[in-house]
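There are 2 protein chains.
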Amino acid sequence: MDRNIYLNTMDADEALKLFLDRSGFRNEIEEVLVIQSLGRVTADAVFAVCSSPNFNASAMDGIAVRAKDTYEASEVNPVILKKGQYKHVDTGDPITEPYDAVIMIEDVVEVGEGDLKIISPVFPWQNVRPIGEDIVANEMIIPSNHMINPVDIGALLAGGIITVKVYKKPTVGIIPTGTEIVEPGEKLEIGDIIESNSRMLEGLVVEYGGEPNRYAIVPDDYELLKTAIKNAVKENDIVVINAGSSAGSEDYTASLVKDMGELIVHGIATKPGKPVVLGFIENKPVMGVPGYPVSAWVVFEIFAKPLIKRWAGMPVKQEKKVEAVLSKRLVSSLKNKEFVRVKLGKVNDNLIATPLDRGAGITMSLVRADGILEVPQSCEGYEAGQKVNIKLLKDLEDIQNTIVSIGSHDLIMDIIGNMIHRKNSAFNLSSSHVGSMAGLMALKRGEAHMAPIHLLDEKTGTYNIEYIKRYLGNMDIVLIKGVKRIQGIMTKKNNPKGIKSIEDLARDDIQFVNRQKGAGTRILTDYLLKNAGIDTEKINGYRREMTTHMAVAAAIASGSADVGVGVYSAAKAMDLDFIPIGEEEYDFAIPAAFLNEIMIKLFIDVITSMEFKDYLEQMGGYGTENTGQIIKCT
Amino acid sequence: MDRNIYLNTMDADEALKLFLDRSGFRNEIEEVLVIQSLGRVTADAVFAVCSSPNFNASAMDGIAVRAKDTYEASEVNPVILKKGQYKHVDTGDPITEPYDAVIMIEDVVEVGEGDLKIISPVFPWQNVRPIGEDIVANEMIIPSNHMINPVDIGALLAGGIITVKVYKKPTVGIIPTGTEIVEPGEKLEIGDIIESNSRMLEGLVVEYGGEPNRYAIVPDDYELLKTAIKNAVKENDIVVINAGSSAGSEDYTASLVKDMGELIVHGIATKPGKPVVLGFIENKPVMGVPGYPVSAWVVFEIFAKPLIKRWAGMPVKQEKKVEAVLSKRLVSSLKNKEFVRVKLGKVNDNLIATPLDRGAGITMSLVRADGILEVPQSCEGYEAGQKVNIKLLKDLEDIQNTIVSIGSHDLIMDIIGNMIHRKNSAFNLSSSHVGSMAGLMALKRGEAHMAPIHLLDEKTGTYNIEYIKRYLGNMDIVLIKGVKRIQGIMTKKNNPKGIKSIEDLARDDIQFVNRQKGAGTRILTDYLLKNAGIDTEKINGYRREMTTHMAVAAAIASGSADVGVGVYSAAKAMDLDFIPIGEEEYDFAIPAAFLNEIMIKLFIDVITSMEFKDYLEQMGGYGTENTGQIIKCT
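Residue numbers (the numbering used here), protein chains in the order written: chain A, 1 to 634; chain B, 1 to 634.
FYI, nobody ran anything at the bench for these hints, they're computed from the structure. Treat the hints with care, since some could be wrong.
For identical chains, the list gives no copy identity; a pair is met inside one copy or between any two copies.
[Said to hold, decoys possible] Cross-link-like lysine-lysine pairs, in silico, DSS-like; alpha carbons within 25 Å at most: (1) K83 - K391; (2) K309 - K423; (3) K394 - K165; (4) K394 - K317; (5) K444 - K258.
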């Protein structure tokens with residue numbers, strides 16, 4: 001086994017400099033029709049070849065006259081113009097000898113036999129657009145390195161320009177590799193991964209101003225891959241291989257680049273993104289991009305974006321950054337520069353950044369991210385409440401129009417978010433799943449607009465209100481009633497281990513999967529276990545914690561656990577068996593002051609709509625008798 | 001003659017409401033391949049159909065083991081794993097029975113005959129990506145009304161989605177009309193206008209999210225136009241006719257819409273943009289858009305943009321506005337809401353708005369505009385120095401990186417601007433042509449970074465410095481030496497009227513065209529006329545003022561004047577004869593404090609470069625002996 005375990009971990013900035021310096025500037029130019037030039041970048045300044053208008057033109061509908069024939073006209077002494085002394089003109093008509101001015105039609109009175117009466121004079125060239133009024137031949141219309149917009153197209157054509165020299169879009173060959181990956185739509189066997197990265201990279205290449213060429217999947221085979229790379233290098237300006245860029249037994253990218261050309265970087269000190277290959281084959285840049293989607297994205301942003309933009313002549317813009325307050329502590333390793341995806345939300349005029357899942361394989365953390373927090377290699381992380389700089393991935397306006405919900409997870413949060421966005425696409429709902437208690441704490445710190453909670457008070461047997469009184473007693477909080485939902489024990493389809501009640505969790509042959517501390521479901525579980533007199537130490541997997549109902553359901557469906565506690569909709573979604581253990585109240589705690597905000601009103605509109613209730617009916621497992629009622633708590 | 005002189009002048013907002021209400025929502029949906037969905041807008045929320053990963057997968061390269069086989073391992077008591085107790089796995093490989101955890105390869109030591117030594121335990125499911133870690137089947141990947149980006153494409157494919165329902169792009173038929181307009185590239189006769197509007201409108205339709213279909217030019221003929229409209233209505237969702245929307249003798253748009261369907265608006269109270277036609281034929285929206293390019297643009301922004309975006313399901317964003325200080329007085333009519341194009345520049349932390357040419361035919365005012373100042377119908381205008389709200393057309397970042405030059409005009413300003421942008425595409429030069437004196441006043445008011453000037457002091461016979469001392473004596477101003485340039489008398493090619501010197505300007509048979517007051521060329525002209533003892537009252541056209549050399553040259557080339565004073569390069573560009581009357585110094589006055597700004601350094605780099613000097617050499621008429629020298633003035 002030829003296993004090269006150790007990658008270098010070069011500084012990303014150093015690697016980028018090496019890569020760009022060696023790549024140089026290769027700004028190829030092509031000539032395109034102006035009418036097809038939208039969004040292209042000029043390689044040269046463009047100068048008008050003719051004037052617009054290229055003749056003296058009437059500026060209005062009226063009559064062309066000799067100005068000197070009109071000098072005597074006044075209300076008292078009108079002038080009568082005879083046939084031959086004037087000519088009817090429409091806007092844009094040429095004004096030629098002997099005429100040198102235009103009188104607007106509204107100021108002209110027909111007095112019979114072609115005679116026209118006027119009562120005020122015009123001076124020479126009045127109401128005439130002189131030649132070149134808009135564009136003068138030889139003047140610059142647009143500069144070089146300028147992205148052509150619709151108005152430019154109009155001006156270029158008016159200036160007599162038919163074709164324009166623009167930078168050729170660099171072509172980027174993208175080779176997906178891996179014996180385990182399959183094309184979307186093919187039947188998935190265990191171990192198969194749907195090939196999706198290359199399509200994300202295609203889209204990014206387009207956004208950077210390049211032209212992607214995606215090749216068929218190449219299995220992990222040195223010779224096949226060599227042939228594919230050779231071909232792609234011949235057909236493109238830049239080649240991207242995804243993945244095989246690490247140092248595993250079937251990771252051939254680095255050695256192929258070395259064998260076929262020049263390997264300059266293998267491994268950078270970033271997380272995610274570490275296993276990068278950068279090199280040149282036949283003097284063309286070749287990149288080995290890691291297989292985890294987030295790693296691939298990070299590596300592409302660091303290396304492909306500046307190179308493609310440079311070669312495409314695209315204007316380099318500063319990255320948009322904002323300052324935000326970090327909502328929870330973030331520890332980062334000194335080994336790497338880390339790119340942490342964050343959700344942003346504006347609550348009480350504060351921009352709050354909440355880190356998302358940091359795994360390199362979590363595509364959804366990128367889909368949901370509003371920004372990136374770059375933690376330098378020299379930094380061990382940040383404390384909660386610290387101000388940090390966030391690189392924006394979305395418009396700040398969209399972020400400001402987002403309801404920030406932090407708390408317990410339920411599938412209905414997706415539904416509500418979708419309905420809000422559909423009702424008014426200016427607004428969004430961002431839902432972070434940290435459990436009910438952590439949601440209340442986020443409200444307390446002013447980091448969220450609302451906290452979805454389902455917290456059972458053991459003494460009173462009631463839900464939510466007691467917790468708000470206890471923990472947020474000094475704030476003016478109301479409860480918007482949400483849904484009643486059925487919690488239950490989830491087991492594999494047909495319940496192969498014959499689980500009947502909460503007591504079975506302590507059985508030797510049972511693997512349990514738990515929810516995290518502070519989650520309403522966890523509190524319910526612990527309450528039921530305590531009532532049943534079960535020592536949690538005896539439960540296999542009690543310490544294995546998931547943060548959502550769906551993650552628990554997925555663990556059971558995959559066989560990594562036999563049983564867990566969760567809501568009916570999750571069990572149904574993953575096709576599991578479900579044994580009800582009780583009905584609970586899933587409500588929204590919210591500072592009363594927010595009730596006046598448009599987006600909160602929209603939220604209430606949505607949850608009280610028939611459409612929403614019908615939808616839940618269809619899903620099953622929910623009760624909506626009180627949904628939307630507002631209860632004062634404190 | 002069937003001339004309907006009077007348009008209504010409906011309020012634009014009222015007209016828009018009528019138009020949109022009657023148009024309604026016509027959100028057609030189509031299903032596209034996810035791999036072709038970049039930039040499309042989802043018509044429904046998209047939920048994952050499978051989990052990713054859809055099996056338990058190794059999270060690293062290493063060995064799959066049973067966790068319980070490793071519990072005893074420590075540095076003191078290593079555990080030896082025999083063949084069958086482990087399996088080599090790469091990242092992403094499935095972890096199946098009996099294995100339930102992974103040890104990373106770096107922590108494994110081969111000790112011969114397939115035996116592996118480990119020195120620390122792993123717990124169950126450690127280093128394993130559980131099924132659904134990234135995406136859980138049935139979870140929402142993206143909501144409805146969401147524009148699909150590259151990362152979304154990756155996530156959708158990973159979630160098992162192959163096709164996605166998106167809003168169909170509304171098709172917009174664009175019919176250019178007019179007997180006088182010709183296709184770009186055709187030979188221009190007097191009276192011909194190059195058809196450019198439809199291509200600008202095409203680009204705007206694309207930017208709004210629609211699909212343009214541009215038809216061939218239709219001459220001003222009722223029946224031909226009727227056929228063209230009938231056809232376009234059949235083939236498109238929306239139809240745009242450009243122009244014939246006014247009330248001239250050949251403006252058929254309004255009457256055609258009336259005859260073929262329903263005319264709801266003819267004329268709105270805006271400037272530019274007044275002659276608008278809005279109606280419906282076979283229940284499809286039909287717009288008559290005016291012929292002047294800026295009017296067409298304004299009308300399209302008001303009416304086409306909201307309709308197309310609505311039907312395309314595009315997110316409606318708030319317009320980006322900034323507050324700026326108006327650099328000069330602006331008078332506006334109470335008859336109309338006016339859309340004034342402005343240049344913006346950041347000088348001394350103030351954003352300064354300078355109105356551009358307000359003519360509806362001046363495409364270049366749109367090309368050069370950074371923003372739009374909307375003057376309400378009820379407002380008579382604004383004073384210089386007043387704060388106004390500007391709707392941004394460009395990125396604020398680009399505006400902030402722009403050198404604001406206000407003063408005298410010379411062709412070299414275009415050249416310098418282009419060279420700056422080319423050297424570093426983050427920076428721009430914006431050059432407003434108001435004459436030398438007005439440039440100095442703009443510097444005084446802190447509205448410009450620099451003023452290009454060429455002001456002859458009659459007493460000393462020197463250029464520029466005396467004026468700076470006189471008018472900006474209390475400021476710390478330096479002069480960056482620009483170019484020596486030859487001023488002269490410009491006449492038509494071959495000088496048909498035999499003009500020899502400045503004295504000829506007073507001849508009866510001569511039409512002169514002048515520069516505006518405060519322009520260096522005007523001061524020079526007046527100085528020479530005074531020396532020659534000529535009464536300016538006797539000069540035909542003395543009061544006809546142009547603001548640039550090129551405009552003067554164009555007036556002569558077009559025959560609307562016989563003679564003017566200007567620089568050699570302008571005469572050469574318009575192929576005029578040129579009689580030198582003196583060499584002058586065209587320099588840049590600039591507050592000393594700005595010399596440290598990066599963009600001013602870039603400016604000096606450019607004007608002192610060999611490339612720049614070579615370019616001027618080639619153009620002729622310039623001397624560059626002192627170019628770039630910095631002289632303290634005050």
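Violations among the numbered hints, reported as their numbers in ascending order = The structure conflicts with hints 1, 5, although it agrees with all the remaining ones.
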